[in-house]
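For the record, the sequence lines run as chains A and B. Be aware that the first sequence starts at 51, since it is given in this note's numbering, and climbs by one per residue. Be aware that the second sequence starts at 1152, since it is given in this note's numbering, and climbs by one per residue.
These aren't lab readings, by the way, just hints derived from the structure by calculation. Remember, predicted model here, so these are calculated numbers, not experimental data. Fair warning: there could be bad hints in the mix.
Said to hold, decoys possible - Here are the simulated distance ranges between beta carbons:
| hint | chain 1 | residue 1 | chain 2 | residue 2 | range |
| --- | --- | --- | --- | --- | --- |
| 1 | A | F384 | B | T1305 | 41 to 49 Å |
| 2 | A | A427 | B | T1203 | 43 to 51 Å |
| 3 | B | E1296 | A | F412 | 30 to 38 Å |
| 4 | A | D300 | B | G1291 | 43 to 51 Å |
All C-beta atoms in this analysis are idealised placements derived from N, C-alpha and C, irrespective of residue type, glycine included.
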Amino acid sequence: MMSNAVSIIQELEAIALSPYKSVMRTMKETGKEAIGCFPIYAPEELIYAAGMLPVGMWGGDTELKLADRYLQTFCCSIMRSNIEYSMKGAYDMLKAVIIPTFCDTLKCICENWKVSAPRIPVIPMVYPQNRRIDAGFVYMTEELERVRGALEEISEKPITDAMLEDAFAVYEAYRSAMREFVSVAAEHPEMINARSRHLIIKAAYFSDKKAYTDKINKLTEALKKESVKPFPGIKVVATGLIAEPPALLDIFAKNNVAIAADDLAQESRQFRALSRKSGNVIQRLAWRIVDQQGCTFLYEVEKTRGQMLIEQVRNTGSKGVVVFMMKFCDPEEFDYPIYKEELERAGIPVLYLETEQQMDSFAQIETRVQSFAEMLA
Amino acid sequence: MYLGIDIGSTSTKAALIDGKANLVAQKVVNIGTGTNGLELVLAELLHEAGLTMEDVVYTVATGYGRLLCDVADKQITEISCHAKGVSYLVSGTGTIIDIGGQDSKVIRLDPLGRVANFAMNEKCAAGTGRFLEVMGRVLGCKLDELSDLAGASTREIQISSVCTVFAESEVISQLSMGTRREDVAKGALVSIAKRVAGLCKRVGVEPKVVMTGGVALNKNMVEAMSRELKEDVQAAPYTQAVGAIGAALFAMEAAEKKENNNG
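This is chain A alone, in the form it adopts within the complex (with noise of 0.2 Å):
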């Protein structure tokens, strides 16, 4: 491989495994103030377009010793390590955090954030149920709004609407740049391993998303001007909410088990929706959360996840689907049953892996996972 790909690819790798240095030295180098983002959704364009640098929250592995002052064991461990962090101090370079309601749990945080982080101004922000009928458009441009408003408060300057322009241009190519990427990283198995693609994408939360979108794209280059070559293993798609801890998906580069595509709200459900062109960015925005399929966060009637894994499947020669499912998470766990009988009516092998952040012992995963690959080779 190029060395140019190896030193961009090692580079992202360290940007993903070091979260807190990592924000700390784009804030050093953009000069930029930071804003937190709790998962799932948050609007990235707002902070960017405000001259701020918006930071993906997605916990971490770090000893929960902390946060059970203000949540319960049954949490889901994201959660619970962004309290524990937020308690041990790691998050007093954010200006402010925006939290989304996307769950249970989510909803008590905005309360909890307040104790747990005092000096840290909340910014809640209350996602439409109803996201495809009109009202709920129109609900979701006026907390698109009111979410500006508190960002102009914050950074003490107007957002205007060339500025919003700008932001949205920049997540565009952004979002073009990874639909490429793990297009493109699906064809390379053998140089982006399961690990590898996660921290790559990783990488995101914790830089300017623009020096970083042109270093996906140099990346991509470089892995195009390689040639395919037979990958020994299988690949499989990823779904669930987050594939983590990296030591969980070493197991799968160790079996020569790849990632070919995926459904991970911290992954392609970021980038996968197309943004619609007519409208102002706030319409955008809002549309984009309309236009969002199979994501369990966002309320469909018509349950579309199941059949986006299988073309997912078929479309990328994967063998099957591998559901990472977090501990506590209620969202995920309520589509699992439906998505599974899907998948099995299509003859799609399911392996189902409960994971946690804090996770010491890997020996039963990695009997799973092997036997997977026993099962599918």
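Using the hints provided, position chain B relative to the given structure of chain A.
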């Protein structure tokens, strides 16, 4: 000669097969990964077969300790090895229930005896051999005495706690209220059968149903499983060594493949 080694959490098993896939010997020692179980079981196995390691052409290791087994040429999971072993020992098997020391697995086979689907218990010890160990301790009997104790039950009591730790408290509470040990023992077996039956439903049950692992030595456990599933359930021959036998069969195949590639 081809060697299969199954290093589990509470026992170590080994099996030898010859070039015509005949089972030459199999041994079980009741100490598992992280102990000298491997040395002991190999010494006993080779002694019984009148062979040395020099006679072994290829070795496959399976079980939780497979990745740390230095003598193995290859590591294959216990799910694949149990499927291989059971298909060899009991033709026409559709579903395997393997209740081991620290986990339980349900494996559904296709008509050719290959793994079609599988499910494992989560980290919890409910529905595993560990649960029975805890019950045996509370009831003051050895693990192999638990089946006979349950066989003398006249009244089935329900152990409702899913968690092994809470179930232990529940059983102590039952005993303190004067419930007979025999009835509690039966309740423990039924409790495991219910948990594992839930696991079976995740992959679907196809007859014939065969149980493997040390817990299958408990005939009252096999009967309880049969009642829960409403299917005839039988214990596999050499029930503890099935994984090792499957590993030995894989060793034979791998050696033949290697020879063909070299030839």
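Verification of the hints:
Taken as a hint, the range 41 to 49 Å holds for the pair A/F384 and B/T1305, whose Cβ atoms sit roughly 44 Å apart. The supplied range of 43 to 51 Å is broken by A/A427 and B/T1203, whose beta-carbon atoms lie about 33 Å from each other. Hint check: B/E1296 to A/F412, Cβ distance near 36 Å, so the stated range 30 to 38 Å holds. Checked against the hint of 43 to 51 Å, the pair A/D300 and B/G1291 passes, with Cβ atoms roughly 45 Å apart.
Figure legend: structure checked against the earlier numbered hints; the only hint not met is number 2.
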